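Number of protein chains: 4
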Amino acid sequence: MEESGDVYDVYNINSPTSWEEHQHQKRDDHVDVDCLRRKIKFFFMNPCEKYHARGRKPWKLVLQFVKIVIVTTQLVSFGLSNQMVVTFKEENLLTFKHLFLKDFSDGDMDTYAVYRQADVYEHVRYIITQFGLLHNNTVGNHEYDKNGSAYTPLSLCHEFYRNGSIYSGTETIDIDAEVDTECLNIYPMSPLTQHDALQDFKLHFKRMLSVKVTFVLKAINVQTVQYREMPDCYDFTVLITFDNQVHSGRIKIDLDTDVSINECDNLKLSGVSPRKSYLTVVFDCLIIITCMSSVALCTRSVCKGIRLMLEYVHHSNKHCDREVPWSDKLEFVSGWYIMIIISDTLTIIGSILKIEIQTKVLTSYDVCSIFLGMGTMFVWIGVIRYMGYFRKYNILIVTLRTAFPNVIRFVCCAGIIYLSYLLCGWIVLGPYHEKFRSLDTGSECLFSLINGDDMFPTFKNMKQKSRLILTTPSSNSSRVEPRHQSCRSSCRSVQTCQSLESTD
Amino acid sequence: MEESGDVYDVYNINSPTSWEEHQHQKRDDHVDVDCLRRKIKFFFMNPCEKYHARGRKPWKLVLQFVKIVIVTTQLVSFGLSNQMVVTFKEENLLTFKHLFLKDFSDGDMDTYAVYRQADVYEHVRYIITQFGLLHNNTVGNHEYDKNGSAYTPLSLCHEFYRNGSIYSGTETIDIDAEVDTECLNIYPMSPLTQHDALQDFKLHFKRMLSVKVTFVLKAINVQTVQYREMPDCYDFTVLITFDNQVHSGRIKIDLDTDVSINECDNLKLSGVSPRKSYLTVVFDCLIIITCMSSVALCTRSVCKGIRLMLEYVHHSNKHCDREVPWSDKLEFVSGWYIMIIISDTLTIIGSILKIEIQTKVLTSYDVCSIFLGMGTMFVWIGVIRYMGYFRKYNILIVTLRTAFPNVIRFVCCAGIIYLSYLLCGWIVLGPYHEKFRSLDTGSECLFSLINGDDMFPTFKNMKQKSRLILTTPSSNSSRVEPRHQSCRSSCRSVQTCQSLESTD
Amino acid sequence: MEESGDVYDVYNINSPTSWEEHQHQKRDDHVDVDCLRRKIKFFFMNPCEKYHARGRKPWKLVLQFVKIVIVTTQLVSFGLSNQMVVTFKEENLLTFKHLFLKDFSDGDMDTYAVYRQADVYEHVRYIITQFGLLHNNTVGNHEYDKNGSAYTPLSLCHEFYRNGSIYSGTETIDIDAEVDTECLNIYPMSPLTQHDALQDFKLHFKRMLSVKVTFVLKAINVQTVQYREMPDCYDFTVLITFDNQVHSGRIKIDLDTDVSINECDNLKLSGVSPRKSYLTVVFDCLIIITCMSSVALCTRSVCKGIRLMLEYVHHSNKHCDREVPWSDKLEFVSGWYIMIIISDTLTIIGSILKIEIQTKVLTSYDVCSIFLGMGTMFVWIGVIRYMGYFRKYNILIVTLRTAFPNVIRFVCCAGIIYLSYLLCGWIVLGPYHEKFRSLDTGSECLFSLINGDDMFPTFKNMKQKSRLILTTPSSNSSRVEPRHQSCRSSCRSVQTCQSLESTD
Amino acid sequence: MEESGDVYDVYNINSPTSWEEHQHQKRDDHVDVDCLRRKIKFFFMNPCEKYHARGRKPWKLVLQFVKIVIVTTQLVSFGLSNQMVVTFKEENLLTFKHLFLKDFSDGDMDTYAVYRQADVYEHVRYIITQFGLLHNNTVGNHEYDKNGSAYTPLSLCHEFYRNGSIYSGTETIDIDAEVDTECLNIYPMSPLTQHDALQDFKLHFKRMLSVKVTFVLKAINVQTVQYREMPDCYDFTVLITFDNQVHSGRIKIDLDTDVSINECDNLKLSGVSPRKSYLTVVFDCLIIITCMSSVALCTRSVCKGIRLMLEYVHHSNKHCDREVPWSDKLEFVSGWYIMIIISDTLTIIGSILKIEIQTKVLTSYDVCSIFLGMGTMFVWIGVIRYMGYFRKYNILIVTLRTAFPNVIRFVCCAGIIYLSYLLCGWIVLGPYHEKFRSLDTGSECLFSLINGDDMFPTFKNMKQKSRLILTTPSSNSSRVEPRHQSCRSSCRSVQTCQSLESTD
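Residue numbers (my numbering), protein chains in the order written: chain A, 1 to 504; chain B, 1 to 504; chain C, 1 to 504; chain D, 1 to 504.
Hints in this document: simulated from the structure, not taken from any laboratory.
Source: prediction; values computed, not measured.
Mixed in with the good hints there might be a few duds.
[To be verified] FRET-style restraints, in silico, Cβ to Cβ:
no.: 1; chain 1: B; residue 1: Thr73; chain 2: C; residue 2: Asp106; range: 52 to 60 Å
no.: 2; chain 1: A; residue 1: Phe447; chain 2: D; residue 2: Asp32; range: 53 to 61 Å
no.: 3; chain 1: C; residue 1: Glu434; chain 2: D; residue 2: Phe65; range: 52 to 60 Å
no.: 4; chain 1: D; residue 1: Asn163; chain 2: C; residue 2: Ile70; range: 34 to 42 Å
no.: 5; chain 1: C; residue 1: Ala150; chain 2: B; residue 2: Glu122; range: 49 to 57 Å
no.: 6; chain 1: A; residue 1: Ser155; chain 2: B; residue 2: Glu182; range: 52 to 60 Å
no.: 7; chain 1: B; residue 1: Asp328; chain 2: A; residue 2: Asp321; range: 55 to 63 Å
no.: 8; chain 1: C; residue 1: Gly148; chain 2: D; residue 2: Asn163; range: 24 to 32 Å
The beta carbon of each residue, even a glycine, is placed where N, CA and C say it ideally should be.
Model the full structure from these sequences, guided by the hints.
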């Protein structure tokens, strides 16, 4: 390994000469040096060489490969079951849009809005009517939520400024910025009440901030039966918002759902034997154990490295009277071990979360998937380290390593230019183009323009759904030569100046 | 040939000198060596040089050029007739969608679904009504299939879980995972039966898995008459599926057709004399014969090469006491010959399949086109070999050859990083973006993002139709320097260590 | 000029030394050589140097710059007037689609088709009704064409196979491939006839090939009045085709127009004084004269070059007894002159066509624009030559020149691989993806995939309108080394020649 | 600083040797030279070195960093408030389109047109009816404008050629190109008048140029209350145009608004304490003061540089008898200072404009945002200068500086080729593809094809809104060699100067 063998190399090549010059050194010292040299040499060997040198079995290596296999298996199985849940959620969301939004058609959501007073009333009435007819309408197994024996009602809330008279014509505004909320509960299965309730439902359009319709529906994901898993029960809290914050004459309508997943109360399955769920938990525990032992082994190696480093530093100080530079010290702490430890930690946390999800204690698929995903990614990237043991494959690693500081420097400079463009683009182009309207869309747009301009729809689509996820693009390190003697001249000038003065 | 002439060159230049130094060698030996040298020299000549050297006519060369012409001719003629068949199929599919799917409009297929119970009944009734009216409606020549004297009926099948009560409200599920199927046959030309049959057709929405409507329509591709070919008879098995697997309240409707092509029973054509079909078969046979002789000639050359290699190896072992390395041995087996043999084999299989298709024994256009397509591709790529005979054109070949191992190595490392990104992207971004929903779409998306992000629609479109076809993109070998001193240091350390010990 | 000045340079620097060494050479010979040397030296000077050397005014240079200005002016004025004509045509086409096609909406044209017998009749009737109502409907100034006193009728033609019975059910075909045409003339302004005529209009769907509706409408482009040009009269021949060639149950409907432009018969304009049209013609004549003198001057230069070359060849043969290589001979014929001659010829032809168009003899805007466009392009590219006179700007030219043969070679090899991929892609992917359906779309798709995959819509859009235009993409000359020994050989030849002489 | 430190360096290193050789030089002269040398040395030091050398505090540096922070803060706060205004305007525009345009749906604007006489009347009537019903319809707070006590009327104007009879059928045109305008005022809240007025409203379609409907609506941006800002009053002048300039039978309908923003007359706010607006003004003043002092300091530095340069030039002339080249002179004037001065000037102008906007004197957000945006961009780019003080970060600056002339030269040549392609593409492809229809779209299309072909929609979208904004893409400086002899000459000049002296 070129990158870590340097310390030892130089040591080997240089010390003999200095050693031969000073034959009068004590024998004791030499034995010490020799011993340290052997230790360091052994430390920087790769598993294969260690086996040949002292017959040490490469347990860590084997463990890593076992880990890759089982971690990937876990990720794939988790991903597949996750996929089913996500599909169920998405399709339900689509169903609700089609059932409760008047004249909705696919792909309309961005421009779905009303512009007339009559339309607003009509849309609200449509939602309530459809809610009442749900059990005769839906082709799924949606049902009303029951709180004890009574149904959970649909709640229709109207938010508006407490008081105020706005007359644009005479430019007269007298407004109280406090927000009042009036709510109306409508129970399903009682059509008469519905009609009466809506009879005297009036909206104060000039003061109105929003109308919110909320109700809860229950559903069961029966599909899992075909994959020999137990079906889950879902509570969908549907929230329909008529948004009039801007008061521009356009009321945007938005439908969103909040999902909670429970184990069903009364479950009887025949004709198929569901897979034992505890097996998955056992597999997860196995992974946790594997990762823990991997952490232990790596920590030990790191400790060993640090101890060896201290010994070496001590020796250098004592015998050569020179400080060991930081770059040499860092050679003793392998970055790969650090990465493995991080990856293992992520995987362990992810697996624990997964067990919780499996046992329906938690439903935070998102957080769990981030931990598991990152963990697996690092584990796979770790494979590159083992490729580095083959001579010809080492290039990539060495190149990355050498290029890194230069790339960072380039990115800094380019980043500042990017930032200055972005600020300018946002403020100047913002009013004329939707893509530069806000700082984050502007940034995405600029970035995708640099990279070929079609990433934008992807970014946009993704952003609407979750702001949790941050994608860090890999920096394009465009060949920066590492030679630069920028300030050297200025330093030298000072030096020479002094020497001149002294010669006077 | 620059790339393969090396062996001979070195041999020529170096051996004489060594030979002059050892004048005491036996004359016999020398004659042998000289003979072998001549043989090898002749073997590595290109056709032109062979002709000049011994007047050997370049039959193989001529044969290859003849092959390129006739194989391309065959491919183009096959492609053109294939194109007509595909167009006919596609347009029929579109026609069926417009005739049988209610409110269908072009480009809707992805979002074509129903969300209400009444809509499902309506769509089913629409299909059956349209099926009954077909002969008065269609502008094509579609007719019902007749099984003897009776018409083949439309079959309407309803799949559902055998038994079960699902109440989401009380979270009560009692389900039997066995699937039952109830079918209903509806005969065309008997409207009364239709009405009665549908009267008591009830769907159990909570247990329903799918509704499938199947019927057979016959059509004739009359268009071929204009190209002086005989018209074919088509049997379209139309399958309309109402898919409720997910039970999310959204029933996706899909229409697909299965096509079988026959020779028509009673064919009478006047006003035009159709092209003789046996001529095409004769042409295909000619191609098979050409390819076979090409295979024979190439196999002979490969055999000759192997025999010469063995002789050379034997000689080396005997006289120079050294092992011939594998890279030298491989020089004797020309990769081009292997490629020609593969290409010929593919073409022969493709041509046989084509004859079968021509005579209506088979209808597997797909498989045939893969064989013919791959065959022709290799034949054309083979042309590059002959360009290599010109000195200046040789660059490309030599470059490709030298770069190959480095490219493979780079691809390995990059592939692992790609895989780790993909797994992470799938699990983390999957729930938020449709493109990362499944592993294969995620992979396509990542790949097209790297290449400029617009390949995605192409991929997506293609994927829906057939999973048979796999496109392997050529790896972008981005300049990897061939210098790497990766493990040298470790080797050196061992060496130095030994030298140190020896000085003790 | 770096590239052509070498001959002179080396000659100047080296010859004196060789000349001084050999004082015994004959005076006569030397005078001849000296004279030729001076001639060649003067020939390869650039205009500026020629002026300094012999006071020769750079007429050609001045002429070229004058030409650039007037040719560009002409192109821009032609383009602007052309633009107005094109817009008028396009908008009329759109208007006809909206007026005569039932339920047409913008962007529908690709999928505009009918699938039911009743729909076909309805669409035909709609066209005829709208044609009858045109004068009350249109907001433009469209009117019926009059042939003498009678109106030109709308003609409704029905093409079908002469005879035949097609029964898909029993697979019975008895067809006569001859095509019959039945036509019906319907006169505007006579609604009764219309109704009667359509009463007994029956289509034989099974034998039908197409229904074509043709009529002529007149319009006047009044818009030009605002730009002080005389308005033109347009005859639009509208052709609506119901295409049933494929007999797949889908009848595609297409509307196309054929335009002829005439001078209006009775034109009276007040309130504005139209620009004199003969001024434009005078300007065009000026361009023709300029280009002709440019051609004359360039031809003279080329002739001079050839004469000088012959003299040099003769001299070399006589004194040095050696053949002058082709590359040296070509140095004497400047490619730039050839390009200017071609460009001038194109411009002259284009200008003549333009005069014809101006005087309404021709209406072939397309052909004229190709000639003028190509001419102007070459004139502008010619500017680069003059940049080459500045030392630092010369790089681009020299690079292009040297790289050319290598690029061609690379393109050859890459072209073969491209072709093999294309053939394979067409045959294998064709059935699955529309982009690979035919050879030309496949080629466009592959090309645009290589270049970033978004050229496709552009190509596709363009292709539908005209197949006349061929766009040749500029070859991307990928990194060609700037070493070039182009003219060195010629220099050396002169040198060697002298040294040979001196040894005599 | 490599680029400017050279002068001093070489001077230091070389001069001693030459100085020691010539000990007989006068002491006086030497003192002068030495003094100048020290001055120049100090001048080219960076702030840090200056501090170490003479204890000079880096006020300028500190000021710059303070400036970056406050300028960015200002920009972001301005941008955010601007964003709110833009959103309000945009949403109102959309609302007007939905309220007043018949059958309008989002994204239709490009193809929104009418083709029949009846449709034109219907659309006009619809607008007037909707205008009458506005107060019962809109969900925003739009109201009619009142001029004193009377309402401002809707004005319906009809533009047509004064006189003329156009008969396409007989090709007879008799037209008076003068344009007449007939207007009709319709007052809201008086439905009877409306009906009567429209009764005898007739359009002369053959002569008609356009119909324009104009009216004024008032609105209040109440939304700002939530951000603790005072609400503004908006006057929207809505202009609906039926454009028939082309007379092609297609009348394009366009709706546009003109906005003016005022402070509301009668404003009473309770429940929230609005932010003091004078604080923002104070902050802007602070920025102006900061920028002014920055300008002052930089101007002083530039003056100092010029004075030093003059001294140096004088010295060179006197002692070395030689002209100082321009490149050396320019070394004394730092480009960075110039940039800071420009940036400060822009920011000051922008801030003044911003204060005007804040106090509702002006509403030119556009101009202000351009000044502020450019100012901030330059300030940020200026940061790169300070990075150049670190040795390793200097590369980017040096590379950019050296590459500049070569890049410019390349751009010139490429620009000519681009222009020639563009002209040819416009004239030849224009009629066939909309993207090449006009010179500017053609240019955009060509540019985006070069860059990956997806910039087009962005460009197009942006262009429709404002032609004020010009985006200048940064030139991609493709691989420029890092050799640069920028400062070498200056060093050499000093050197030569001394050697000259010494020979005296």
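Here is what the structure says about each hint:
1. B/Thr73 - C/Asp106: 52 to 60 Å: 44 Å, violated
2. A/Phe447 - D/Asp32: 53 to 61 Å: Holds, since A/Phe447 and D/Asp32 (Cβ atoms, about 57 Å apart) stay within the stated range.
3. C/Glu434 - D/Phe65: 52 to 60 Å: 59 Å, holds
4. D/Asn163 - C/Ile70: 34 to 42 Å: 40 Å, holds
5. C/Ala150 - B/Glu122: 49 to 57 Å: 53 Å, holds
6. A/Ser155 - B/Glu182: 52 to 60 Å: 42 Å, violated
7. B/Asp328 - A/Asp321: 55 to 63 Å: Taking Cβ atoms as reference, B/Asp328 and A/Asp321 lie about 56 Å apart, which means the hint holds.
8. C/Gly148 - D/Asn163: 24 to 32 Å: This hint holds: roughly 30 Å between Cβ atoms.
Violated hints, listed in ascending order, are 1, 6; each of the other numbered hints is respected by the structure.
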